[in-house]
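**Q** Now for the letters of each chain:
There are 2 protein chains.
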Amino acid sequence: MQERDIEKLINKRISTRGFLDKPVSQADLEKLMQLATRAPSWKNAQSYKLVFLTGDKKDQLLAEFKTEIEKRTEPRPHYDYETSHPSSIKKRMFKLGMDLYSHMGIDRKDKEGREAHFMRNYEAFGAPVVGFFYIPQALGAWTLMDLGILIGYLSLVAEGMGMATCFQASLAVYPDIVDRYTNMEGEGMKMIVGMSLGYADPNDQNNSFYSSRVPLEDVMQVL
Amino acid sequence: MQERDIEKLINKRISTRGFLDKPVSQADLEKLMQLATRAPSWKNAQSYKLVFLTGDKKDQLLAEFKTEIEKRTEPRPHYDYETSHPSSIKKRMFKLGMDLYSHMGIDRKDKEGREAHFMRNYEAFGAPVVGFFYIPQALGAWTLMDLGILIGYLSLVAEGMGMATCFQASLAVYPDIVDRYTNMEGEGMKMIVGMSLGYADPNDQNNSFYSSRVPLEDVMQVL
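These protein sequences, in sequence, are chains F and H.
So the first sequence is residues 1 to 223, counted in our numbering.
So the second sequence is residues 1 to 223, counted in our numbering.
Hints may contain errors.
Same chains, same names: a pair is fine if it fits in one copy or spans any two.
[Unchecked claim] The list that follows gives simulated cross-link-like pairs (lysine-lysine, DSS-like), each with its CA atoms no further than 27 Å apart: (1) K57 <-> K111; (2) K91 <-> K31; (3) K91 <-> K190; (4) K111 <-> K95; (5) K58 <-> K31; (6) K58 <-> K91; (7) K31 <-> K12.
Read the hints as simulated data drawn from the structure, not as lab findings.
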């Protein structure tokens with residue numbers, strides 16, 4: 001019997017960094033999206049598209065990523081990675097990395113170890129499915145927020161179906177390559193973020209890492 | 001006993017447009033955010049702030065909104081409302097309005113009736129709490145998506161606590177007025193969207209409206 005309680009699902013969800021070699025059926029992907037697309041959006045526009053890659057297509061794409069990364073090709077995401085965070089927020093981002101590497105027993109000075117760990121992003125952590133999220137290129141802030149709402153739903157629906165997710169900016173590093181695999185060239189859509197999807201490997205040490213959150217008073221106020 | 005099953009909560013959630021005159025406690029707002037902030041964000045940055053207004057402060061703000069609206073002051077949202085949707089998406093947005101007005105028995109030619117219905121947005125549909133979502137003004141696309149993920153979680157956690165929500169671009173129409181109430185003037189933050197929060201009025205006809213979704217093949221593909 002799978003867990004279905006909202007609170008337990010929220011507390012269970014992590015960025016899963018190790019997946020079992022166990023496929024996800026087309027029926028399960030549809031069920032996942034059937035529920036996730038109940039997410040609200042601006043005037044019910046649903047201005048998003050999600051393309052899933054599986055099997056050989058997924059493997060070939062990841063192989064292309066790996067080649068680019070090994071060549072140290074400059075990242076060229078459609079949406080520039082953000083670097084202008086206020087220093088209080090930069091500290092949180094730094095802490096996440098430190099906490100994760102410490103959990104994995106990787107020394108902060110071990111640059112190679114950290115890089116090898118990070119490279120697993122481009123293997124989709126062994127997931128059987130990768131997904132790519134698109135919005136129309138003419139749209140902006142409101143649509144990106146709507147896409148986020150969909151992602152929030154999707155992450156919890158996946159947990160409720162016994163699956164696991166990892167949303168990865170790293171998979172958005174060469175969107176032009178992705179577009180070739182997703183048949184999105186010339187479709188007027190822009191890809192912002194990728195996702196690994198599948199079943200968590202309970203024996204992967206990455207999956208016992210639980211990230212912290214800032215104190216509530218830093219992100220909310222009641223007046 | 002409140003509903004806690006993820007699938008039932010998703011199917012239950014609507015944009016609630018009629019609330020009971022029943023307050024939400026500070027403890028419940030904290031519990032709501034405690035769970036919602038488990039939402040994932042870019043490198044765990046949590047680059048958002050949510051300010052809740054209740055009681056007199058909320059009433060005074062809504063009164064100011066009403067005055068502006070009645071004066072037909074031009075909207076001045078921090079994030080321009082989007083109008084460049086592809087025509088296939090425009091149709092969906094149009095359909096939502098038509099479906100809602102038809103459900104409410106408001107004729108599509110009854111401009112006054114439609115306007116009166118829309119004005120309820122500026123009364124927060126009678127909700128005891130309004131919330132305003134902020135991000136640092138230096139940040140953009142990725143942070144807006146993170147904010148959306150938070151909103152997705154929040155909408156479902158609220159349902160799980162027996163509450164209801166309505167996320168409203170309409171509440172973002174005069175952000176400078178909001179900033180005065182939320183003490184956000186000069187804080188380097190930009191407000192994008194508002195939310196009504198409280199307990200749904202089961203006797204409000206608005207709350208028996210259930211919006212449709214496009215066929216799955218329009219928003220997803222498996223390759």
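**Q** Next, verify each hint and record whether it holds.
**A** Consistency of the hints with the structure:
1. K57 <-> K111: neither (31 Å within a copy, 52 Å between copies)
2. K91 <-> K31: Close across copies (25 Å), not inside one copy (38 Å); limit 27 Å.
3. K91 <-> K190: between (30 Å within a copy, 21 Å between copies)
4. K111 <-> K95: Within one copy only: 16 Å inside a chain, 54 Å across chains, cut-off 27 Å.
5. K58 <-> K31: Within. Shortest intra-copy distance 21 Å satisfies the 27 Å Cα cut-off; inter-copy 40 Å does not.
6. K58 <-> K91: neither (35 Å within a copy, 34 Å between copies)
7. K31 <-> K12: both (20 Å within a copy, 17 Å between copies)
Violation of the numbered hints given earlier is confined to hints 1, 6; the remaining hints are satisfied by the structure.
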